[in-house]
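Chemist: Next come the chains, spelled out residue by residue.
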Amino acid sequence: MNSMSSLLRKIPPGAVVGVVFFGAWEAIMRIRDSTEFLLPRPSSIAREVIRQWSGNDGTLSTAPLKTAGWNTGYVAVTGLVLGLLVGVLLALVVTRFRRIGGSLTPFAVAINATPIIALAPIFNNWFGITGNLSNQAIVMVVVFFPVFINTAKGLTEVHPDQLELMRSYGASDFTILRRVRIPNATPFFLTSLRLAAPLCVIAAIVAEYFGGPQDRLGPVITQNASFTRYASAWAAIVVASGIGLGLFGLALLTERFAMPWKRPAQMQ
Amino acid sequence: MTLDSSTPAVKVHAVSKTFNAGSSESVQALADVDLVVAPGEFVSLIGPSGCGKSTLLRLIADLLPTTSGSIEVFGKSAAQARIDQDYGMAFQSAGLFDWRKVAANIELPLELMDYSKAERSARSSEMLELVKLPDFGDHYPWQLSGGMQQRVAIARSLSFKPRLLLMDEPFGALDEMTREHMQNELLAITAELGTTVVFVTHSISESAFLSDRVVVLSPRPGQVHSIVDVPMGDRSDDTREEPEFFEKATEIREALRAVEVGL
Ligand SMILES: Nc1ncnc2c1ncn2[C@@H]1O[C@H](COP(=O)(O)OP(=O)(O)OP(=O)(O)O)[C@@H](O)[C@H]1O
Ligand SMILES: [Mg+2]
Chain Y
1 MNSMSSLLRK IPPGAVVGVV FFGAWEAIMR IRDSTEFLLP RPSSIAREVI
51 RQWSGNDGTL STAPLKTAGW NTGYVAVTGL VLGLLVGVLL ALVVTRFRRI
101 GGSLTPFAVA INATPIIALA PIFNNWFGIT GNLSNQAIVM VVVFFPVFIN
151 TAKGLTEVHP DQLELMRSYG ASDFTILRRV RIPNATPFFL TSLRLAAPLC
201 VIAAIVAEYF GGPQDRLGPV ITQNASFTRY ASAWAAIVVA SGIGLGLFGL
251 ALLTERFAMP WKRPAQMQ
Chain S
1 MTLDSSTPAV KVHAVSKTFN AGSSESVQAL ADVDLVVAPG EFVSLIGPSG
51 CGKSTLLRLI ADLLPTTSGS IEVFGKSAAQ ARIDQDYGMA FQSAGLFDWR
101 KVAANIELPL ELMDYSKAER SARSSEMLEL VKLPDFGDHY PWQLSGGMQQ
151 RVAIARSLSF KPRLLLMDEP FGALDEMTRE HMQNELLAIT AELGTTVVFV
201 THSISESAFL SDRVVVLSPR PGQVHSIVDV PMGDRSDDTR EEPEFFEKAT
251 EIREALRAVE VGL
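Residue numbers (this note's numbering), protein chains in the order written: chain Y, 1 to 268; chain S, 1 to 263.
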């Protein structure tokens, strides 16, 4: 009895919730003997994922999930990296030149307040719809803001005593940046990375809805859905959320790896 | 740098400090302060809360500009002394860097001063020994209690053996026993190195025990009200029980009472 309960305690609660959730979903759909018109069973979705992983059934000319997932993932990740770079660079500029910073921040806020996806048709005109550039640009713009705001906060919000201490050593602004501001901003940056990792997949797919090459998850979802092939559409959604989860996991790992000083309780 | 024993370690001449001068939030913190600290001397600043003790310390450290008057440290401008790393500082808050282990925190000033790796680790071990934390070099600050963190901060301020120490209530967060221990250690270290100390405190007995002279400041705007000489020679734990120590403490207490009522 005791060993049984200790075994149970080892199972992560998330796994339990997942099993119960999908089990209930499957069971309800079977009991209602639904036609799966609006919401397919998990088992049907899983079957579609496997069936369309590297080919399709030929009735629709959508790209195989492997190809579509790879392409969307590529756009999401490259857009993410661009957004991180721009966000961090801008945060450094704002920190270094407070006066420019003062005028830059409202600008960034204005960009954020714009529903960025509204720019998609315009970006398509600017960058063309035959390549990745337009969608990467959207992802970049979506990602950059949380990174910029968080990193700038970490770079500027240093304890005043710590700044006075550094100045008492005659440390230059650059030394203070390197030794204090950047390490101080690391947890802030990593938090924004955790936000941005799933965000970049969302942004990539929504951008794909507005145009661009067709061998992507976005078009695969819209095409399948418009032909009422909901299980196939859901299969593409599963791949998309898999990419999002993977990136989120990577962000968590980076956090753990990059901040060995963090007290365990503060770790997510 | 030529420094004969007649050059004061710190010379504060006719210094006033007004924050936010000219605005409606203008606050005069210090008015016409004069103070000379001799090399090797231990001087405490004591006075009512808000009288400008921390401000005076920051002015000496060139962390704030004076409004008027002049400050010299070892015969040069306060700014030059700061650039030359002539002084070490310790604050009320430990101000350790979360991302550095304890030893690395202590070694930070040494890194900035280009000490070799070997010298740095030798020095940080020595300092950890001194503040009675020899086994904690490899810990992160959050793994230490508040008092332990404060001791690390003191070790850090001493790590490069500066000629001048500027301390702002560094023992305020410590328990009584640790505090007395740290007081003994501070005196031993500064006596050995000939360090000059300017020490801000709220504690009458602490100022009497540590200091050669105690400067009593009047309420804001701070001015030097009186200076109590404490010519007790070398201090030890026995000093705390000697009649002379109590007499000095009483003298400081009376000076503080006098400034409170505006005499
Ligand atoms: N940066 C600042 N800007 C404006 N006013 C300040 C600033 N720093 C201090 N003051 C004001 O100057 C006065 C003296 O402050 P200071 O911190 O030097 O006092 P203190 O003697 O150290 O007090 P305590 O014993 O409570 O630490 C206070 O009235 C305070 O409000
Ligand atoms: Mg103070």
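No wet-lab data here; the hints were simulated from the structure.
Check before you lean on any hint, since a few could be wrong.
Away from chain Y, derived, C-beta distances all over 10 Å, residues of chain S [claimed, not checked]: (1) D34; (2) R58; (3) T67; (4) R100; (5) K101; (6) Q143; (7) G194; (8) P231.
Below, a list of computed lysine-lysine pairs in the BS3-like style, where the Cα atoms sit at most 25 Å apart [said to hold, decoys possible]: (9) K11/S to K117/S; (10) K153/Y to K76/S; (11) K101/S to K161/S; (12) K101/S to K76/S; (13) K161/S to K76/S; (14) K262/Y to K101/S.
Note that beta-carbon positions come from the ideal geometry of N, C-alpha and C, so glycine has one too.
Chemist: A separate judgement is required for each hint: does it hold in the structure or not?
Modeler: Going through the hints against the structure:
{"no.": "1", "hint": "D34", "result": "holds, 24 Å"}
{"no.": "2", "hint": "R58", "result": "violated, 7 Å"}
{"no.": "3", "hint": "T67", "result": "holds, 19 Å"}
{"no.": "4", "hint": "R100", "result": "violated, 8 Å"}
{"no.": "5", "hint": "K101", "result": "violated, 8 Å"}
{"no.": "6", "hint": "Q143", "result": "violated, 8 Å"}
{"no.": "7", "hint": "G194", "result": "holds, 20 Å"}
{"no.": "8", "hint": "P231", "result": "holds, 31 Å"}
{"no.": "9", "hint": "K11/S to K117/S", "result": "violated, 36 Å"}
{"no.": "10", "hint": "K153/Y to K76/S", "result": "violated, 37 Å"}
{"no.": "11", "hint": "K101/S to K161/S", "result": "holds, 21 Å"}
{"no.": "12", "hint": "K101/S to K76/S", "result": "violated, 35 Å"}
{"no.": "13", "hint": "K161/S to K76/S", "result": "holds, 19 Å"}
{"no.": "14", "hint": "K262/Y to K101/S", "result": "holds, 11 Å"}
This entry does not satisfy hints 2, 4, 5, 6, 9, 10 and 12, going by the numbered hints stated previously.
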